[in-house]
Every structure is written in structure tokens, then in C-alpha cells.
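Undergrad: All chains should be built: construct the whole structure from the sequences, respecting the hints.
Protein sequence lines, in the order shown, are assigned to chains U and Z.
Taking the numbering used here, I'd label the letters of the first sequence as residues 101 to 214.
Taking the numbering used here, I'd label the letters of the second sequence as residues -6 to 461.
These aren't lab readings, by the way, just hints derived from the structure by calculation.
Treat the hints loosely; a few may be bogus.
So the derived list for chain U, only partly shown, Cβ under 8 Å to chain Z, looks like this [to be verified]:
1. Met126
2. Arg131
3. Val142
4. Leu148
5. Phe151
6. Val153
7. Thr167
8. Arg171
9. Val172
10. Lys176
11. His181
12. Gly189
13. Leu195
14. Gly199
Since this is a predicted model, take the numbers as computed values, not measurements.
No residue lacks a Cβ here, since even glycine has one placed at the ideal position from N, Cα and C.
The primary structure of each chain is shown beneath.
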Amino acid sequence: MSSDYKSTLEEHGVSGDWVEIWNVIMEPGKRAPQVPEDTQKVPLEMRLRGFLVNEQAKLGEMVSVRTRIGRVVDGKLVSLHPRYNHSFGEPQKVLLDIGQELRTFLKKGRVGDE
Amino acid sequence: MSKPLDQSYEAVIARKGEIMRKAIGIDYAVFEYGKLGFDYEGMMGSVAYSLEETSRIQRATGVGNTPLLELRQLTNLARRVAPQGKGARIFVKDEAANPSGSFKARRAALSVYEAKKRGYAGVIAATSGNYGAAVASQAAMLGIPCLIVQEAFDSRGQGQPEIIEKSRACEAYGAEVLQLSVGPELFYIFLQLLEETGFFNASLYTPFGIAGVETLGYEMVEQTRQLTGKDPDAVVITHAGGGNVTGTARGLKKAACSAQIIGASIDLKGLHMASDQDFNRKSFTTGHTGFGIPFAVWPDRSDVPRNAARPLRYLDRYITVTQGEAFYITEALAQLEGLERGPAGNTSLAAAFALAQEMREDQVIVVQETEYTGAGKHPQAQLTFAKENGIEVRRGDPRESIPGKSIIIPTHPAQIQIKDIELDHIRLSYLKNVMGEIPYSSLLEKDREYLEAETRWGQTRIREALNV
Chain U
101 MSSDYKSTLE EHGVSGDWVE IWNVIMEPGK RAPQVPEDTQ KVPLEMRLRG
151 FLVNEQAKLG EMVSVRTRIG RVVDGKLVSL HPRYNHSFGE PQKVLLDIGQ
201 ELRTFLKKGR VGDE
Chain Z
-6 MSKPLDQSYE AVIARKGEIM RKAIGIDYAV FEYGKLGFDY EGMMGSVAYS
44 LEETSRIQRA TGVGNTPLLE LRQLTNLARR VAPQGKGARI FVKDEAANPS
94 GSFKARRAAL SVYEAKKRGY AGVIAATSGN YGAAVASQAA MLGIPCLIVQ
144 EAFDSRGQGQ PEIIEKSRAC EAYGAEVLQL SVGPELFYIF LQLLEETGFF
194 NASLYTPFGI AGVETLGYEM VEQTRQLTGK DPDAVVITHA GGGNVTGTAR
244 GLKKAACSAQ IIGASIDLKG LHMASDQDFN RKSFTTGHTG FGIPFAVWPD
294 RSDVPRNAAR PLRYLDRYIT VTQGEAFYIT EALAQLEGLE RGPAGNTSLA
344 AAFALAQEMR EDQVIVVQET EYTGAGKHPQ AQLTFAKENG IEVRRGDPRE
394 SIPGKSIIIP THPAQIQIKD IELDHIRLSY LKNVMGEIPY SSLLEKDREY
444 LEAETRWGQT RIREALNV
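TA: Pasting the structure below:
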């Protein structure tokens, strides 16, 4: 299988795939009047995940999705099989020492120079 | 065929009243009187359920009846740094034990029950917090569709890790999650969706949303009596939109408990809540002053015409702690007490740790909630994210921290300190907001009594404050 064929496959979704769509709802400068200056300069965007309705679609195309509760919504296809990227982060030295410090403090009554 | 409705921002916002009436099914006008007043207790009494009914509805889906745990090691720690004879016993209501992992299940239980009972096709809620997961979980239990609208990401497409975890949880319960970028126009989208779906607005601020929390306050008093033989002397409640304070306080009063009611928020002074740039410069997405103060000075800014959360009626004291202090106490809770819980819910615990040191050893202070923890809503995750967003993270004196610029984790437990926010300043702002352009002389006697109940100030004090 050529690498070209593979990348084409990965950029295509088929009907029923779990995908993410994206839309601009309000353009920059046309936001609500009470919005602060920095927010006024950027669009109001939406992202929504659902099952692809189109038989086949490429990333970047306008598509329809059926959401988990059955609503059908249109938008630009931006992700196939989107994953959650949140995690437990990196170990933080500023937190890692606290447990031992406090246990020592409860025993000896001092923190820091034991 | 009827003409399609105008979907422009202005047109949808103009239809707000009508959309809300259909989506909540409460005619708020029947409770209103005079120039500005409304019958708050009448609304709570006639719309929401009694404490017994609320409890029954919640028990049916496994909500409530959470354990009250004594935090002996944290109490010891507080006594070690407190003056001689000081250091109240610290207890925590382990609300993470609710089905969706937070006290918000209590609020969702009544709203979803009501939606189903009245035959709505589904429920919808605008929330980036634990409440979304709570509504989604309850909707799954009662078998009705659920749509959650979240403010989730900034203009770089970068989502708040804590909010992304909530998106995941809502989807896990089968809800549709519509994620939006930063901005108050979320309310516009929310109104459009209410109109399109005909769903029930499971707002946090209806009488259901507040009455659901009353059981928390009530249970807490009963459990404290069982464990200590006395009432709590102080209760600390994480304060954001005001529902947690209001509902808990009402529950305490129904249990005839006169504990001091203390609200606690994370200090996020200087960060604008509708700012795209500030959005990811905070580590706490709720329980902070960015909600706590605006909702106290103007409760009716919420998504319902008359907010059932009215914290100024109940708060005896309002204090803040820093983000670094909440992370520190979260670590201490895990390491000393063996309870790994989410940082946002521990805001009130950080405050209680400092407050206990002002109280006598024979007194009891109760922290009113914990929340679940997981990927994204975890101190390590949130500090990693903070650093990625240019926030300085270090050990030191948390007093030196600046929200949006630095997070300072204490080097010593004695550095956890609270800062008081003057409730009288908040009352004055509230009065100015509610009065607007209305001349004081035009108010009816009932309006004036309403203002007294809202501010807990007498007529003379109110007139002095308003210079009339």
C-alpha cells in the first residue's frame, strides 16, 4: 500500500464515523456589544462531535453529523475519531514534596530544615 | 406555514422572556410586586419541593446521604500552627460520593425529575462545570435526552483541561456537548437551542436548582450532631454563582442550626471572565471571585428572570484564598487523609484550614463539599497547563501571587491565610444595581421590606448607603 493511499484513507470519514465539526457563529468585530476588546477581535466558534451522516467526506469539507441525542448539525469536518487530549499532566515538584514535609512536621513540629 | 424566526443575536435576545417561560414553565410575574420586589419565599415554597420530597426524589437516583468525614490529621496540622487552645475540629461532607462525583447531582436531580414529570422532550443546561455531568447523569437515569452547552476553548482552540474533562464526562453519560469559544454570547446560542429543541432549561438558578442543595445543609447538621453531639459552629461553602451558599444555608436553617455561614472563593481579581486571553490564564474554572462577586452584587444577571440563589441573604462572611493554597490543601488532603479529591471543591477546605485556627479546639467547622478528581481536573494537570500558558509556578508566600501571572504554592501550612471581602461593599453594589434609575421615594413599603431582606440592612442603613 502506498503512503499516498494511506493518507487519503486517513483524511476520509465514512457514514457513522465519530467525528468533530467546527463552525464560526459570529465573525470578529460582529460580536455582542458587551464583549471585551480582545474577544471582539476573534470569532465565536463552536465544536461538536457526532456520527457522520455523509456517505464519505474529507477533512475540511462541509458535512452533517447526528449527535448523541439525534440532532443533525452541519459544519466543517475538522477531526476524525477525535480523542480527548487532557491528562494528568507532568509531575510537579512544587507538589511532590508537600506530603513528606507535612508528615515530618506533624512528628517534629518543623518544616523545611529537618 | 409560519415565517421562520429571525435568528440574529438581537432578535433572539429580544425573545428571551418568551423562550424562558416555555423552557422553565415558571411564570415569574406572579411573584413580582411594586417597583422591584418579588416574593422570594413564596416562589421557593410554591415551585420547589419540600425538603422531604426533595430527599425522596434524590434518594431514588442514589443522590445525597453522603458521608461526613472528620479530617483528624488536618485538624492536628491546624492546631500545630494555631495559637494555644485554637484549632476547631474540621469535618468535610464528601459530596464526591454522589453519582456524578459532586454536590451538583443534588441540583440536577430535581431539575431533571421536574423536566420528565412535566413531559419535556429533554433537558438542556449551559455549564462548563460539574453541573453538566450531573444533569447528564440524571438524564441518563431518567431516560431523557440531554444537551450541555459549554464555554470550552479560546481562539487558539485550546480547551481548559478541567472543562475538557467535563465534556468527556457528559458524553460518557450519553449527552450531546456543544463546545463554544470564550464569550457571553453562549447565552444567545443557548436560547436558540431552547427554541429549537423545546427542552427544559435545567438552569442552576431555578427554585429546583436551589432546593436541591437544601438536603446537603440538612444532612450535614444531622451528621454533625451524631458525630459530635453538637451543631456545627461554622460552615464553609465554596461560592460561585450563589446556589451552593443559598441552598446549604436554607438547609441549615431548616435543621434549626445557627452556624456561621462563610462563603469562600478563589481570588481571581484582575482576570476578565469574558476575555479570550484571560480564559486559559486561570487554573480554576469555578468557585472563584469572577462568578462569586458579580452574582452576589446582581443575582438576577443569571439565565432566569428571578434567581433563586440569593447569597447575600445568607452569607455571614465572605473570604478568599489563592489558587496555590487550594492546590496545597488538595495535596495535603490526599497525603494526610487519604482522600484524593478535585481542587476546585477544596477551595472551602483551604479556607476552613485557616478559619479553624481562629476558632477554639472544642468548636466544629464543616466543609460543605468535595468533588471528584480525574484527568484534567487535577493539581498536576492544572499546574502543567498553567506553565504552558506562561504562568509562573513556584513555592513561596502565596500572598505574593498575582492571578493570571503566578501561582505560589505555600512552603509552610501557616502560610494558608484567608482574606475577607467586605460584605457591606457588596451590599452597596447590589443596592445600586437593583435600584438603577428608580427613585427611592417611589418605592412601595413592600419594595423597601424586600431590600431589607436582600441586604439584611435596616431602612436607615439602606437610606444612608443610597444617600436618600
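Undergrad: Now tell me, hint by hint, if it's right for this structure.
TA: Evaluation of the provided hints:
Checking methionine 126 of chain U against chain Z by beta carbon gives a least distance of about 6 Å; that is within 8 Å, so the hint holds. Given the 8 Å rule on beta carbons, the hint for arginine 131 of chain U holds: about 6 Å separates it from the nearest Cβ of chain Z. Using the Cβ-Cβ criterion of 8 Å, the hint placing valine 142 of chain U at the interface with chain Z is satisfied: the shortest such distance is roughly 4 Å. The beta carbon of leucine 148 of chain U is positioned within 8 Å of a beta carbon in chain Z (closest approach about 5 Å), and the interface hint is therefore held.
Because the smallest distance between the Cβ of phenylalanine 151 of chain U and any Cβ of chain Z comes to about 11 Å, over 8 Å, the interface hint for this residue is violated. Contact between valine 153 of chain U and chain Z, as hinted, is not supported at the beta carbon level, the nearest pair being about 15 Å apart and thus beyond 8 Å. Proximity of threonine 167 of chain U to chain Z holds as hinted, the smallest CB-CB distance being about 4 Å (cut-off 8 Å). Because the closest C-beta pair between arginine 171 of chain U and chain Z is about 6 Å apart, less than 8 Å, the hint holds.
The restraint placing valine 172 of chain U at the interface with chain Z is violated, with a minimum CB-CB distance near 11 Å, outside the 8 Å limit. With 8 Å as the threshold, the beta carbon of lysine 176 of chain U stays out of range of chain Z, its nearest partner Cβ sitting at about 13 Å, so the hint is violated. About 14 Å separates the beta-carbon of histidine 181 of chain U from the nearest beta-carbon of chain Z, more than 8 Å, and the hint is not met. The interface hint given for glycine 189 of chain U holds, since its Cβ lies 3 Å from the closest Cβ of chain Z, which is under the 8 Å cut-off.
Hint on leucine 195 of chain U holds. Least Cβ distance to chain Z is approximately 5 Å, under the 8 Å limit. At a threshold of 8 Å, the smallest CB-CB gap from glycine 199 of chain U to chain Z is about 3 Å, leaving the interface hint in force.
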